[in-house]
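Using the hints, put the two standalone chains together into the complex.
Each chain, written out:
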Amino acid sequence: MALYNDIVMEHFMNPKNVGELENPDGSGTYGSPVCGDMMQIQIKVEDETIVDAKFKTFGCGSAIASSSMATSMIIGKTIEEALDITNKQIIDALGGLPPVKVHCSVLADRAIKNAIYDYAQKAGKTYAALEGYDPNEDEDEHDHGDIEE
Amino acid sequence: MRNVYLDYSATTPVKDEVLQEMIPYFTEKFGNPSSLYDKGLESRDAVSHAREQVAALIGAQPKEIFFTAGGTEADNWVVFGAADKLKAKGNHIITTKVEHHAMLHSCQFLEKQGFEVTYLDINEEGRVTPEMLEAAIRDNTILISIMMVNNEIGTVMAIQELAAVARAHGILFHTDAVQALGNVPINVKELGVDLMSMSAHKIYGPKGTGALYIRRGVHISNYLHGGAQEAKKRAGTENLTGIVGFGKAAEIAKRDFDKHVEHCRTLRNHLVERVLAEIPNTFVNGTMEHRHPGNASITFEYIEGEAILLFLNHAGISVSTGSACSSNSLEPSHVLTALGVPVEKIHGTVRFTIGDFTTMEDVDYVVDTLKNVVSRLREISSVNTQKGW
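Chains as they are written, first to last, in the working numbering: chain A, 1 to 149; chain B, 1 to 389.
So here's chain B without its partners, still in its complex pose (with noise of 0.2 Å):
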């Protein structure tokens, strides 16, 4: 059977001029980077290097990046780190509906603290545009968070426009990259954010591995206390492995780019042209103009997600769905619910993304095969276009 892996934006295999790179670091270079003698300061060496690599994809400084346990735990310093760092400023976050929950639920529990955060909403392109964020701005605003590329439905925030406006204010502002690495150009001096999150499992990285840029001249509070590690910033010793790791990924993502870009985009339109052309009632969420190269979101009607995501699995496809059945989530996509799809669509609503090995042959076997699926779960529902929701 074949099988086709369309779900790049939840995780991506490690490519192997990378993993090649991070097996000498498993057994002979194995020295804890903290070590002062030869074999320690190989490892410092090799994480200095990833340091370079990773800062060089974004336009930063290699003093600007610390690694850290991946996306999450960057979101999570921030959050915590700027709220500590200010409090005596202030205690109001904007941020949006339509964030990653590394993001939503470490503002959660500050307002469980005391703390008051504003969500933003997005509009129909399933943007905040830089009026929607000037009018959430309150005298007591520390941070702004608000992510590049949205996980769900691929779109791409003016990130430009939404930092100038928080610079005016004098305010940190961070966004989450970790959708946008590798997808999207990235020069953090151009963009004027203070702080953005990374990750390198979504750029043919090992998971368990990220880094947070801070900007120089930018203090937040440290999250995980202990050694000195990464500048006495975070401590912990070095996930030297994955950091080697990142550090390739990002430097073949920084290499590769444009190739990427053009091959992911290519496939994804090729995709959702056919899907449009050849199934009815069926409509892609966000706008196509600023969105991933490789994401198509895309909702049939009448019929359920998790059902489709079986069938294809079945079909040796993966895929993931917005729906609310989808596993162990029964709430529909807050992401879909903010742009305002309704919910009884939201649940038919399925997430396919592309990447660096899918090939224009897996494209045209997963519509061909979503043809029979759509149709097959059509006949069995018990809503449709005569009928109605």
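Chain A extracted, bound-state conformation (with noise of 0.2 Å):
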């Protein structure tokens, strides 16, 4: 009897990953307060690798959870490794959200690429998955329910 699974509710409760890191090599932003869900991750990169990630998140309970799931699952992997973590990888590392939720998780997914894009930029380099990536495009609509009193 909850809307959110253990996992969700732990990632919602107890968030990692919270803050800003001071010397960010790279800082993506994705969403936007009209919207209800605005996330912000920055990463530190050392060889290659992501040695750090902090997340900021305005936005529900399971957009705080996929934040904290999402900078977890960065940190420690390669810029390559990261930029293939999809939205559906993040939510079966959540044991699944609800369908209306979904949304929540493309967020951070964007957000990384938002990060490492702004990375890739500022040091230079290209990579295949970024090719023709724009970091300001929309998600798609979502189908909206409505709730009833």
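No wet-lab data here; the hints were simulated from the structure. Positions of the beta carbon are idealized from the N, C-alpha and C atoms, including for glycine. It cannot be assumed that every hint is accurate.
Straight-line Cα separation of at most 16 Å, EDC-like style, residue types lysine to aspartate or glutamate; simulated pairs [as the list claims (entries may be wrong)]:
(1) LYS15/B <-> ASP256/B
(2) LYS16/A <-> GLU379/B
(3) LYS63/B <-> GLU52/B
(4) LYS387/B <-> GLU20/A
(5) LYS254/B <-> GLU17/B
(6) LYS97/B <-> ASP121/B
Just a few of them, taken from the derived set where beta-carbon distance is under 8 Å, the chain B residues facing chain A [what the hints assert, rightly or not]:
(7) TYR302
(8) ILE303
(9) GLU344
(10) SER381
Structure (structure tokens):
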């Protein structure tokens, strides 16, 4: 009898990697407060490996939980590996999200890509996975339900 | 863990006095009110008694009360019943942007069938003025429906003045009083309304029971067709236990009205004063002057409502949010949108509604918990006072 499973609740109630890095090598945001969710992810990169990541998120429970999970997943991974992370992997790692909440993990995946994009720009690097990537491209529209009283 | 329910506008628990009244009608007094033997007549008497109790609460005649399956059915009945009855006269309906979905979605359904609907804006207080209504009236207007108390921001509309405008034009006037019943004084004769929707479960009665007040002399088409129940206006075997419970709840609401209002208002004001004084970057939505005594709609800037709800729930506190992310809905509240609250702030809005079983200790516990929850979520948030939105 809960909106979210225990893994999601744990990452929401006790999120990992909250905060900001002093001198991030890459910084990305995605979403907007108007849409109800905005995520900022910062990364520290050494020898093409993400050695630290921090997030700040304005958003609902699953947005905060997926930020925590996404940052946990990319720490220790190479840039190429981090770019391969999909929404589905984030959702699976969280043990699933209610269908209406799936867009919250799309946010995390995009914020990671935007942080890496920023790193690539600054470091003058190119990655196949970022070819033609537009950090500001909107996410798709989603079906909306209603709750009543 | 402490359990604090602050969502009395969503629903209320059935009071023990009400439940005790209902119980015999589940078992030994189960007769069909339409049956002609004693067991049936006993049930019929019980329904009549409940009708008197509900009528007494709103200053109506018992014959003007028609029991329904709730507020939603009453609203639907009005919209479709008036549209059908008066379609030769016109096809224009006036309502507001802040009605319950039972009204809005019924009107939208009629629009698909060729009716025209004007959805009135609200002013900065959350109210519709008589001038705003007057300006929307057309020659072909057949129904005006304006809610008495808004379910999200608790604003009390000036129904008497608005009904007078309708009357001057000879147009039917309906009010959805689901949130108002038992919380603001209601006398249908003084208010001058033709039709009024009510619900039992908002006044410590059972769910699945409501009523429509139809002023004597007002005619709308039937909505449910079948047997001759409710003076041939609303078919279907009476929800006997529900109606008995509604009647008792109405009697208590009338008896304890002043005490109830004073209790809710005192605790609500304490909640609002403490939150505004102790948590920065918060504001109350809607006017404090014309307001449901138990309602506090508060926006917490830079954080999102569902996240607040989850933390409060973890602490045993039940509230609801105007947030897009609350449960199944991703749409920001239509009421807060109409009030002009910026969308990013609507997401951080929580509705607290206080009721008869709320205590001062409950309210203090909620505020103490809120202070921690809000500061924690603001630490996590990517927006804040320095960065701005």
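Status of each hint after checking the structure:
no.	hint	in the structure
1	LYS15/B <-> ASP256/B	holds, 13 Å
2	LYS16/A <-> GLU379/B	holds, 13 Å
3	LYS63/B <-> GLU52/B	holds, 9 Å
4	LYS387/B <-> GLU20/A	holds, 13 Å
5	LYS254/B <-> GLU17/B	holds, 14 Å
6	LYS97/B <-> ASP121/B	holds, 6 Å
7	TYR302	holds, 7 Å
8	ILE303	holds, 7 Å
9	GLU344	holds, 4 Å
10	SER381	holds, 5 Å
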